[in-house]
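Protein chains: 2
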Amino acid sequence: MSLIVQKYGGTSVGTVERIEAVAEKVKTAHAEGDRMVVVVSAMSGETDRLLGLARKIRKQVDGRELDVLLSTGEQVTIALLAMALEARGVPARSYTGGQVRILTDEAYNKARILEIDGTNVRADLDAGRVVVVAGFQGVDGAGNITTLGRGGSDTTAVAMAAALDADECQIYTDVDGVYTTDPRIVHDARRLDRITYEEMLEMASLGAKVLQIRSVEFASKYKVSLRVLSSFEDGPGTLITSEENIMEAALISGVTLNRDEAKLTILGVPDRPGIASTILGPVAAANIEVDMIVQNVGADGSADFTFTVNRNDFEKAEGILKRIAGELKARAVEGDKKIAKISVVGVGMRSHAGIASRMFKALADENINIQMISTSEIKISVVVDEKYSELGVRTLHTEFGLAG
Amino acid sequence: MSLIVQKYGGTSVGTVERIEAVAEKVKTAHAEGDRMVVVVSAMSGETDRLLGLARKIRKQVDGRELDVLLSTGEQVTIALLAMALEARGVPARSYTGGQVRILTDEAYNKARILEIDGTNVRADLDAGRVVVVAGFQGVDGAGNITTLGRGGSDTTAVAMAAALDADECQIYTDVDGVYTTDPRIVHDARRLDRITYEEMLEMASLGAKVLQIRSVEFASKYKVSLRVLSSFEDGPGTLITSEENIMEAALISGVTLNRDEAKLTILGVPDRPGIASTILGPVAAANIEVDMIVQNVGADGSADFTFTVNRNDFEKAEGILKRIAGELKARAVEGDKKIAKISVVGVGMRSHAGIASRMFKALADENINIQMISTSEIKISVVVDEKYSELGVRTLHTEFGLAG
Numbered sequence: 343m344s345l346i347v348q349k350y351g352g353t354s355v356g357t358v359e360r361i362e363a364v365a366e367k368v369k370t371a372h373a374e375g376d377r378m379v380v381v382v383s384a385m386s387g388e389t390d391r392l393l394g395l396a397r398k399i400r401k402q403v404d405g406r407e408l409d410v411l412l413s414t415g416e417q418v419t420i421a422l423l424a425m426a427l428e429a430r431g432v433p434a435r436s437y438t439g440g441q442v443r444i445l446t447d448e449a450y451n452k453a454r455i456l457e458i459d460g461t462n463v464r465a466d467l468d469a470g471r472v473v474v475v476a477g478f479q480g481v482d483g484a485g486n487i488t489t490l491g492r493g494g495s496d497t498t499a500v501a502m503a504a505a506l507d508a509d510e511c512q513i514y515t516d517v518d519g520v521y522t523t524d525p526r527i528v529h530d531a532r533r534l535d536r537i538t539y540e541e542m543l544e545m546a547s548l549g550a551k552v553l554q555i556r557s558v559e560f561a562s563k564y565k566v567s568l569r570v571l572s573s574f575e576d577g578p579g580t581l582i583t584s585e586e587n588i589m590e591a592a593l594i595s596g597v598t599l600n601r602d603e604a605k606l607t608i609l610g611v612p613d614r615p616g617i618a619s620t621i622l623g624p625v626a627a628a629n630i631e632v633d634m635i636v637q638n639v640g641a642d643g644s645a646d647f648t649f650t651v652n653r654n655d656f657e658k659a660e661g662i663l664k665r666i667a668g669e670l671k672a673r674a675v676e677g678d679k680k681i682a683k684i685s686v687v688g689v690g691m692r693s694h695a696g697i698a699s700r701m702f703k704a705l706a707d708e709n710i711n712i713q714m715i716s717t718s719e720i721k722i723s724v725v726v727d728e729k730y731s732e733l734g735v736r737t738l739h740t741e742f743g744l745a746g
Numbered sequence: 343m344s345l346i347v348q349k350y351g352g353t354s355v356g357t358v359e360r361i362e363a364v365a366e367k368v369k370t371a372h373a374e375g376d377r378m379v380v381v382v383s384a385m386s387g388e389t390d391r392l393l394g395l396a397r398k399i400r401k402q403v404d405g406r407e408l409d410v411l412l413s414t415g416e417q418v419t420i421a422l423l424a425m426a427l428e429a430r431g432v433p434a435r436s437y438t439g440g441q442v443r444i445l446t447d448e449a450y451n452k453a454r455i456l457e458i459d460g461t462n463v464r465a466d467l468d469a470g471r472v473v474v475v476a477g478f479q480g481v482d483g484a485g486n487i488t489t490l491g492r493g494g495s496d497t498t499a500v501a502m503a504a505a506l507d508a509d510e511c512q513i514y515t516d517v518d519g520v521y522t523t524d525p526r527i528v529h530d531a532r533r534l535d536r537i538t539y540e541e542m543l544e545m546a547s548l549g550a551k552v553l554q555i556r557s558v559e560f561a562s563k564y565k566v567s568l569r570v571l572s573s574f575e576d577g578p579g580t581l582i583t584s585e586e587n588i589m590e591a592a593l594i595s596g597v598t599l600n601r602d603e604a605k606l607t608i609l610g611v612p613d614r615p616g617i618a619s620t621i622l623g624p625v626a627a628a629n630i631e632v633d634m635i636v637q638n639v640g641a642d643g644s645a646d647f648t649f650t651v652n653r654n655d656f657e658k659a660e661g662i663l664k665r666i667a668g669e670l671k672a673r674a675v676e677g678d679k680k681i682a683k684i685s686v687v688g689v690g691m692r693s694h695a696g697i698a699s700r701m702f703k704a705l706a707d708e709n710i711n712i713q714m715i716s717t718s719e720i721k722i723s724v725v726v727d728e729k730y731s732e733l734g735v736r737t738l739h740t741e742f743g744l745a746g
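For the protein sequence lines, the chains are A and B, in the order given. The opening position of the first sequence corresponds to residue 343 in the numbering used here, with each subsequent residue numbered one higher. The opening position of the second sequence corresponds to residue 343 in the numbering used here, with each subsequent residue numbered one higher.
Here chain A stands alone, though its shape is the one from the complex:
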């Protein structure tokens, strides 16, 4: 008898009819003997409706009362889902975050889970009840309502699975799994049966927006097996798990594309210690996140320094860089918004040499020029001209034999 935690997002519970469809799915699993905890989000649109009310009162909404307001969204869903289960003869009980008790720190609007007391939930599971838990919310030590920030329901599900030592945490979404690459670009992209936490983290942060990064980190830390499935069609989905649970790791699991970045270069700065922090310090101070960083030293003893930022931050970063360029007597500042970052991800590259050169050669064969390179243990990323986005992804998808 397995203990399964399922999580359904806002779209999956967006109407009463969809909540009833979720109840049917839960009923089936419960009838097969699984002990079930179901974590749900607010009905889609509800959080925005509540935010709209708050914004009529204050332009800037935050703090304690925002969490009191937003947490009602999930509370409505848990009550309706528990009713829908009871209407189908499935004994069920709803729990708010505070009732579970999901203890968080005191950081309203973006709280972190500290501890989960599963005593009452376990008692209900032992009594054969389905336990329906409000995602996204908890309480601090003083009993104030907190929320985990947008997307926090995934984290609630993983944390519940960890606290209850569940066999699997199933995240139901509007896609049927994690793909080798974006199927809109590569038509024979393949759904992955299994993928490691590390690969999923690289894929998620690179633009495969299936799961919240934080929930994958959490799952990895507590060794919770995560499964991504579709709410709307049957299928096995993709299991995200530890490397030891994957018999034979693929060389490369996926190719990702990110078109949200822009590139900035400051040319001819003095090549001396501390130059990187002189340049990046003011950028970080302006709350601009920097992704890739490359520094080249020229023959004349001066250096060129290139980095990428989110496109929305491009103009702001460019302004800061021009000011610094003046101070450092740099030769010039150059910028380019029309770039794309293509990455190959796979734990297999840890034990196989030559992946990078295969990647570079495949791109060169298509006359795609590489502007920047960055590598990690299980990922190689290159920046290319944006117009080569699709061609680059397709080329690498074929090169590493990922097609279905």
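Any given hint could turn out to be false.
No distinction is drawn between identical chains; accordingly, a pair holds when it is met within one copy or between any pair of copies.
Unchecked claim - Here are the simulated DSS-like pairs of lysine-lysine, each with C-alpha atoms no more than 25 angstroms apart in a straight line:
#1 K401 - K680
#2 K452 - K679
#3 K679 - K658
#4 K703 - K729
Simulated from the structure, these hints should not be mistaken for lab results.
Since the structure of chain A is already known, use the hints to place chain B on it.
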């Protein structure tokens, strides 16, 4: 420095604009130095919206999950009002029923308050904060969310006032006080400055639907001074308090009219002990509430037995009565839905004789025939033909000098 509990109903907080108007009222009282607790209902329409969602799932909605669902309505209002106060520079903090801790019994949908722990609320008041409390809700001993049933926010306000030993509990509504009679019938009806709990209870149960009966009973039991005021215009309202707080009690405080009842008579039943319970037992067993009861013994040793029920229950009660009439070999069953009950209410009648005969004479002078009479310590009620409703009320309002 007074401690004031204010309560605003659903209409008074029906839109964000109205919530902001409430915030202005509270800000003014707070600036004058009052310690403030504000109890609010769900925004008007919200409870029905939530019930509508639930009814799509189950025709019959009740039980634990209904309270989880409905309690979100007030939770939205407390968050918005606390935000609106903070936006005006008034420090405020919201409390759900569970956070206060308003401990209730376990009767979902119609729970009764057992105990209020005011520790946290008092600490916030001491710190100069306005405390905003969700009406209508509490928690049972196991931490399950309960609701007090419709109109329960008045009870929450009175209970908070009792627990905190407040100086006054102010109930803001859409009327500006309690009137000597319905102003739609008598144009010079007068707003009462003060009225006793007992009179208010008689007025409320007789059709003056300003306050929930239960909240008046609660106020009477704990000697909480209640004030009914308008949310929409300034004015002193009506104070509902103990008899000893009213210097000179009026002979009659008000005239009420109830057109919701119907009359049933069973003629010629044996005049023997136990006959009343033989007749009314089956009626009560069918969950039909009986109001006035009159029994007359005729010269032939048989009796006529008359009582009133709510008009909605008339046909059901008539059916039961016909069955009993057969068993008792009664002469006939008669019914009349076109009746009205007119009552005069006043604690002054305790110490003044002759009120009843003045009432009957005034009605007789207008040729209004009295069909039934019933009296209590501070009330005399008569049943008349419905067509005399307005004339009867106006006649008695003038007779007892109630005009403004």
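Please list, smallest to largest, the hint numbers that this structure does not respect. Violated hints (numbers, rising): 1 and 2; every other hint is consistent with the structure.
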